[in-house]
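Residue numbers (the UniProt record's numbering), protein chains in the order written: chain A, 1 to 398; chain B, 1 to 398; chain C, 1 to 398.
If you're looking for bench data, these hints aren't it; they were derived computationally from the structure.
Please note that a few of the clues may not be correct.
Okay, derived cross-link-like pairs now, EDC-like style, lysine to aspartate or glutamate, Cα gap no bigger than 20 angstroms in a straight line [said to hold, decoys possible]:
#: 1; chain 1: C; residue 1: K17; chain 2: B; residue 2: D160
#: 2; chain 1: B; residue 1: K17; chain 2: A; residue 2: D285
#: 3; chain 1: A; residue 1: K17; chain 2: C; residue 2: E35
#: 4; chain 1: A; residue 1: K296; chain 2: A; residue 2: E167
#: 5; chain 1: C; residue 1: K17; chain 2: B; residue 2: E227
#: 6; chain 1: A; residue 1: K17; chain 2: C; residue 2: D63
#: 7; chain 1: B; residue 1: K126; chain 2: C; residue 2: E343
#: 8; chain 1: A; residue 1: K244; chain 2: C; residue 2: D63
#: 9; chain 1: C; residue 1: K296; chain 2: C; residue 2: E319
#: 10; chain 1: C; residue 1: K394; chain 2: C; residue 2: E227
#: 11; chain 1: A; residue 1: K17; chain 2: C; residue 2: D285
#: 12; chain 1: C; residue 1: K296; chain 2: C; residue 2: E163
#: 13; chain 1: B; residue 1: K17; chain 2: A; residue 2: E35
#: 14; chain 1: B; residue 1: K126; chain 2: C; residue 2: E387
#: 15; chain 1: B; residue 1: K296; chain 2: B; residue 2: D160
#: 16; chain 1: B; residue 1: K244; chain 2: A; residue 2: E163
#: 17; chain 1: B; residue 1: K394; chain 2: B; residue 2: D160
#: 18; chain 1: C; residue 1: K17; chain 2: B; residue 2: E35
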Amino acid sequence: MQEAPIAFHGVAYGRPKPHHNAELTEVGPGTPCGEFMRRYWQPLTLSARATTTPSQIRILGEDLILFRDRSGRPGLLYPRCAHRGSSLFYGRVEAEGIRCCYHGWLFSVEGECLDQPCEPCGGLHKDRVRQPWYPLQERYGLIWVYMGPPARMPVLPRWDVLEDVPEGQKLLVSHSSLYAGGDDDVEIVPCNWLQEWENVMDPFHIPILHTSFSGVQFVPEMGVMPEVNWEYADAGMRYTAYRKLDDGREMDRVTQALFPHVRIVPNVQLAEGPSSGIGWVVPVDDTSLRLCFVMKVPQDVDRLPRSPNLRPWSQMTPEERQAFPGDWEAQVSQGPITFHSEENLAGSDRGVSMLRRTLGQQIRAVQAGQDPAGTIFDPDHALIRIEAGNFFRKPSQG
Amino acid sequence: MQEAPIAFHGVAYGRPKPHHNAELTEVGPGTPCGEFMRRYWQPLTLSARATTTPSQIRILGEDLILFRDRSGRPGLLYPRCAHRGSSLFYGRVEAEGIRCCYHGWLFSVEGECLDQPCEPCGGLHKDRVRQPWYPLQERYGLIWVYMGPPARMPVLPRWDVLEDVPEGQKLLVSHSSLYAGGDDDVEIVPCNWLQEWENVMDPFHIPILHTSFSGVQFVPEMGVMPEVNWEYADAGMRYTAYRKLDDGREMDRVTQALFPHVRIVPNVQLAEGPSSGIGWVVPVDDTSLRLCFVMKVPQDVDRLPRSPNLRPWSQMTPEERQAFPGDWEAQVSQGPITFHSEENLAGSDRGVSMLRRTLGQQIRAVQAGQDPAGTIFDPDHALIRIEAGNFFRKPSQG
Amino acid sequence: MQEAPIAFHGVAYGRPKPHHNAELTEVGPGTPCGEFMRRYWQPLTLSARATTTPSQIRILGEDLILFRDRSGRPGLLYPRCAHRGSSLFYGRVEAEGIRCCYHGWLFSVEGECLDQPCEPCGGLHKDRVRQPWYPLQERYGLIWVYMGPPARMPVLPRWDVLEDVPEGQKLLVSHSSLYAGGDDDVEIVPCNWLQEWENVMDPFHIPILHTSFSGVQFVPEMGVMPEVNWEYADAGMRYTAYRKLDDGREMDRVTQALFPHVRIVPNVQLAEGPSSGIGWVVPVDDTSLRLCFVMKVPQDVDRLPRSPNLRPWSQMTPEERQAFPGDWEAQVSQGPITFHSEENLAGSDRGVSMLRRTLGQQIRAVQAGQDPAGTIFDPDHALIRIEAGNFFRKPSQG
Numbered sequence: 001m002q003e004a005p006i007a008f009h010g011v012a013y014g015r016p017k018p019h020h021n022a023e024l025t026e027v028g029p030g031t032p033c034g035e036f037m038r039r040y041w042q043p044l045t046l047s048a049r050a051t052t053t054p055s056q057i058r059i060l061g062e063d064l065i066l067f068r069d070r071s072g073r074p075g076l077l078y079p080r081c082a083h084r085g086s087s088l089f090y091g092r093v094e095a096e097g098i099r100c101c102y103h104g105w106l107f108s109v110e111g112e113c114l115d116q117p118c119e120p121c122g123g124l125h126k127d128r129v130r131q132p133w134y135p136l137q138e139r140y141g142l143i144w145v146y147m148g149p150p151a152r153m154p155v156l157p158r159w160d161v162l163e164d165v166p167e168g169q170k171l172l173v174s175h176s177s178l179y180a181g182g183d184d185d186v187e188i189v190p191c192n193w194l195q196e197w198e199n200v201m202d203p204f205h206i207p208i209l210h211t212s213f214s215g216v217q218f219v220p221e222m223g224v225m226p227e228v229n230w231e232y233a234d235a236g237m238r239y240t241a242y243r244k245l246d247d248g249r250e251m252d253r254v255t256q257a258l259f260p261h262v263r264i265v266p267n268v269q270l271a272e273g274p275s276s277g278i279g280w281v282v283p284v285d286d287t288s289l290r291l292c293f294v295m296k297v298p299q300d301v302d303r304l305p306r307s308p309n310l311r312p313w314s315q316m317t318p319e320e321r322q323a324f325p326g327d328w329e330a331q332v333s334q335g336p337i338t339f340h341s342e343e344n345l346a347g348s349d350r351g352v353s354m355l356r357r358t359l360g361q362q363i364r365a366v367q368a369g370q371d372p373a374g375t376i377f378d379p380d381h382a383l384i385r386i387e388a389g390n391f392f393r394k395p396s397q398g
Numbered sequence: 001m002q003e004a005p006i007a008f009h010g011v012a013y014g015r016p017k018p019h020h021n022a023e024l025t026e027v028g029p030g031t032p033c034g035e036f037m038r039r040y041w042q043p044l045t046l047s048a049r050a051t052t053t054p055s056q057i058r059i060l061g062e063d064l065i066l067f068r069d070r071s072g073r074p075g076l077l078y079p080r081c082a083h084r085g086s087s088l089f090y091g092r093v094e095a096e097g098i099r100c101c102y103h104g105w106l107f108s109v110e111g112e113c114l115d116q117p118c119e120p121c122g123g124l125h126k127d128r129v130r131q132p133w134y135p136l137q138e139r140y141g142l143i144w145v146y147m148g149p150p151a152r153m154p155v156l157p158r159w160d161v162l163e164d165v166p167e168g169q170k171l172l173v174s175h176s177s178l179y180a181g182g183d184d185d186v187e188i189v190p191c192n193w194l195q196e197w198e199n200v201m202d203p204f205h206i207p208i209l210h211t212s213f214s215g216v217q218f219v220p221e222m223g224v225m226p227e228v229n230w231e232y233a234d235a236g237m238r239y240t241a242y243r244k245l246d247d248g249r250e251m252d253r254v255t256q257a258l259f260p261h262v263r264i265v266p267n268v269q270l271a272e273g274p275s276s277g278i279g280w281v282v283p284v285d286d287t288s289l290r291l292c293f294v295m296k297v298p299q300d301v302d303r304l305p306r307s308p309n310l311r312p313w314s315q316m317t318p319e320e321r322q323a324f325p326g327d328w329e330a331q332v333s334q335g336p337i338t339f340h341s342e343e344n345l346a347g348s349d350r351g352v353s354m355l356r357r358t359l360g361q362q363i364r365a366v367q368a369g370q371d372p373a374g375t376i377f378d379p380d381h382a383l384i385r386i387e388a389g390n391f392f393r394k395p396s397q398g
Numbered sequence: 001m002q003e004a005p006i007a008f009h010g011v012a013y014g015r016p017k018p019h020h021n022a023e024l025t026e027v028g029p030g031t032p033c034g035e036f037m038r039r040y041w042q043p044l045t046l047s048a049r050a051t052t053t054p055s056q057i058r059i060l061g062e063d064l065i066l067f068r069d070r071s072g073r074p075g076l077l078y079p080r081c082a083h084r085g086s087s088l089f090y091g092r093v094e095a096e097g098i099r100c101c102y103h104g105w106l107f108s109v110e111g112e113c114l115d116q117p118c119e120p121c122g123g124l125h126k127d128r129v130r131q132p133w134y135p136l137q138e139r140y141g142l143i144w145v146y147m148g149p150p151a152r153m154p155v156l157p158r159w160d161v162l163e164d165v166p167e168g169q170k171l172l173v174s175h176s177s178l179y180a181g182g183d184d185d186v187e188i189v190p191c192n193w194l195q196e197w198e199n200v201m202d203p204f205h206i207p208i209l210h211t212s213f214s215g216v217q218f219v220p221e222m223g224v225m226p227e228v229n230w231e232y233a234d235a236g237m238r239y240t241a242y243r244k245l246d247d248g249r250e251m252d253r254v255t256q257a258l259f260p261h262v263r264i265v266p267n268v269q270l271a272e273g274p275s276s277g278i279g280w281v282v283p284v285d286d287t288s289l290r291l292c293f294v295m296k297v298p299q300d301v302d303r304l305p306r307s308p309n310l311r312p313w314s315q316m317t318p319e320e321r322q323a324f325p326g327d328w329e330a331q332v333s334q335g336p337i338t339f340h341s342e343e344n345l346a347g348s349d350r351g352v353s354m355l356r357r358t359l360g361q362q363i364r365a366v367q368a369g370q371d372p373a374g375t376i377f378d379p380d381h382a383l384i385r386i387e388a389g390n391f392f393r394k395p396s397q398g
């Protein structure tokens, strides 16, 4: 029973109320970051998920209905029928579009009203009605959506690493939360998108969280504290982490974060070479996200590569998650939207600071009427070359 | 992979924020529609449900305690004891009323405080206390409540179709949600009352939703697109739907909507004759409703007549409900309170438009100090004659 | 079917909106009552619950992380790591404190940052960072926390009845909700703390709720309606309930309520003598509380004494709870925070009135810059003598 005098500095009493950074985190219609996000094509979902059975999907804080008409065209419509508001989730998909269950109005994938069967002649004024819709494209096994102002729609870019798939390989697409610390059975990560995205520019959590803390979740070499150099790049930023390994080899590991929420992370087993895929941290709403990956893999692979040391998150008990935390625990426990007001950023957080700064600049550029960095309007220059990868230095470089 | 130019009209970007029509839909104390509703006797629940075990019931956004004292009188009291606020749900029912569990105050069905056992002489000032209560009446197997200003209390009316029950028949009372697309096992429909009520003036959804869309939910003849004539009537409105059937017969189907939320729908199997019952769309609160029906049926019938083609809603999977939607899916999917601001009403919605207009007029009449249409103050003229029914035209009329 | 005229006074229509008394009930940081509460040492939890596995605990509306470092010191820290906000719930406990999982910052039980392993030299500026913390003490098998302004921290007092435990006895500590009408398997009582605390100054509910209403929950003698004398005392109040029992004996039962939320209730079986323990009604947040008891008991007793007539609450069905209500039903059914605005206090509620009045005075005293009653600053005068107990009058006193 201690009665000793107590040091009285820094107690929790009287601390200021924390607040989140709304400008950088909120993504709903009309918000600064939401308008920024809407200037890019967003990977919505796997192409295979658009079928003749309508499904509900949320992105950037908007609930929408996805379907594929019987002519094969994917459609993404506002859920409430333009007539009386019944959900098109209960609609019937036909060759030309989707028909509302209540009074049978038929809408094309572009929202045109094609039939009003309870009106004379199928609706003499049906051209005055338009179901709110979003333009879609399909590429890399994904459906892409543009949710921004029509006049500012960029080209859907290509990424070099996803082109020219060699024989014996294929593109794997996945919404697994594995690389956010979850696993293949979980898609929604319940925290703000920026908590996940900025983690990509934070190389220093790897030797702590993924190595010394919870055991070697990747490979032992990742536990070596790296020398890191962060740099702005035209459409985002990158860092190079230099490690001298125990066997004398020297490695440069280049990781990229591109606008609006692209993450290009080299193989965490330190396999040599450029990244084999691209990831996107898609905001579902202000407090949840869905990852999206496209990756070149051998034909017989049908899941994202996982470290053999990582336990499947869904199979861990709460006690095990507490004892062996990973990215999920570190980032989701920051809260639905973390409070920048309470942080104490240090030198090793320079990537996080830089990412927030450059993100804020782009958000304000959009507010000022400009197109944000990384939007491409010339179809002839819409191929993005990636730089990320694990590269061993040659002895002569030493 | 489609790269074609995209038609750019009517996208969901930049659409205005939707809003509901508060005046017509909200029913809590002090709201315009709530005050209108409170000028009528409301069917509260089945008489059989008022017992010596108190029960909780919500109506017009108010939570109340229903019981029947041991002298047989039903009582409906504000739940929080006027003494210290413990719920009378835990009260003990006695011959003269209900006694609070905490300190034993006893209240009559009219809220009079009859005993305060912890006070000298059982409470010398107990007459200063009154538990808030509402007047009740019992008729047609229902308990009726008047929740409005005492000075404006109308007579509880009678309906001709519910009087003079002939031998071999009886009055069936039910809270089934069957006629809102649910079934006998579900009572609460989770959407605003007006979405259900206005559906009664909407004959055109029948050939779509109930016939071509989900298969024949009623009878094939209901799938014939009708000629419809809507009319205002003193205390609401009605429509006549004329159909020429395949066998050459011609039918007039008359459906009524009376204030505040009465629905009189003829037999959906097209059995000839006047409606055999009355329904009420009772607002539970702003975002849920409970139907109430009284119907003349043969002595051995104890459930609402149901179409043999309708699957029991409670037994359908979500996938089946999506594939075979009914009134529940069409109306509940409009949302907790639908957004009139987003609708595009057409000619076939004339009944809905008219119903909203006449409803709004009555709401504003109450605000202006008048009694709304359909309230009756002369007990000698309190019999309401209904007009609804299925009537075949005679050949000579053709 | 009753058609008789209806008495029209006191109907529920038009009643004013109720409101709670925020000054007396809300306990969050910066609220009047919250600031008052924070001037006292609060019993946080059982000492045994502070272990090397961090746990989450809520008190006075604040979520905190409790742990015991591997040197044996208990710590109570703000959950969000001062670095980047990950929860210390996922921290690793070491000899000197707790280490965040994300980047490994190490904090002592007093919030000092002892290591920043991703920074050069373990953090050259780590002394600029402090994890918000609260001072703790351990006594009577409990961990006590002071959550107020450092300059106004009083001495943690002792209670005479908990000192000098004789051989064959021990101090039993418990968070059981048994004495709030729950049982040993339930700790959180879902209502405002004051509803429970003021019940202690309300002797008259005993003959009703605990005797005539639900059967004899304690002993038959408690059903005798007492003569009660309430008195203010320096740091709270007390009452003496005089009963003349059937066997001619006369008993004085003294019950105390001390600031901020101490309850000292004599044995409810009417065993003679001073109270054998102390209870605290600790506010978890505005709408829930946790009881805390310390009691002298024989060595082999490991649960709070319970009346054999009281059924275990967790084992009762909702129907049984309605039929046999106890303190839980009476107080929790008052609502999350009861509405004083709707009460009608009577003579038998004088203890409740007095308690609220004296509580309000102390709350306003703190607002005026004073120390509230019952806070002790002189360690030599920090022993509190209790007065509560069941005392039989000697015949000569009669």
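Status of each hint after checking the structure:
1. Under the criterion of a C-alpha separation no larger than 20 angstroms, the hint pairing K17(C) with D160(B) is inconsistent with the structure, at around 40 angstroms.
2. Under the criterion of a C-alpha separation no larger than 20 angstroms, the hint pairing K17(B) with D285(A) is consistent with the structure, at around 17 angstroms.
3. The straight-line distance between the Cα atoms of K17(A) and E35(C) is roughly 16 angstroms, inside the 20 angstroms bound, and the hint therefore holds.
4. With a C-alpha separation of about 11 angstroms, the suggested pair K296(A) and E167(A) falls inside the 20 angstroms cut-off, and the hint holds.
5. Between K17(C) and E227(B), the direct Cα distance comes to roughly 50 angstroms. Violation of the 20 angstroms bound is thereby established for this hinted pair.
6. The hinted pair formed by K17(A) and D63(C) meets the criterion: a straight-line CA distance of about 14 angstroms does not exceed 20 angstroms.
7. With a CA separation close to 13 angstroms, the supplied pair K126(B) and E343(C) stays within the 20 angstroms bound.
8. A hinted pair counts as satisfied when its Cα atoms are at most 20 angstroms apart, and K244(A) with D63(C) does not qualify at roughly 43 angstroms.
9. With a CA separation close to 36 angstroms, the supplied pair K296(C) and E319(C) exceeds the 20 angstroms bound.
10. At roughly 18 angstroms between alpha-carbon atoms, K394(C) and E227(C) fall within 20 angstroms of each other, so this suggested pair holds.
11. Distance check on the hinted pair: K17(A) and D285(C) sit about 17 angstroms apart at the alpha-carbon level, within 20 angstroms; holds.
12. Distance restraint check for K296(C) and E163(C): the Cα-Cα separation of roughly 9 angstroms lies within the 20 angstroms cut-off, and the hinted pair is therefore satisfied.
13. Restraint check: the Cα-Cα separation between K17(B) and E35(A) comes to about 16 angstroms, which is no more than 20 angstroms; the hinted pair holds.
14. Between K126(B) and E387(C), the direct Cα distance comes to roughly 35 angstroms. Violation of the 20 angstroms bound is thereby established for this hinted pair.
15. The straight-line distance between the Cα atoms of K296(B) and D160(B) is roughly 11 angstroms, inside the 20 angstroms bound, and the hint therefore holds.
16. With a CA separation close to 63 angstroms, the supplied pair K244(B) and E163(A) exceeds the 20 angstroms bound.
17. At roughly 25 angstroms between alpha-carbon atoms, K394(B) and D160(B) are farther apart than 20 angstroms, so this suggested pair is violated.
18. Restraint check for K17(C) and E35(B): satisfied, since their Cα atoms lie roughly 16 angstroms apart, inside the 20 angstroms limit.
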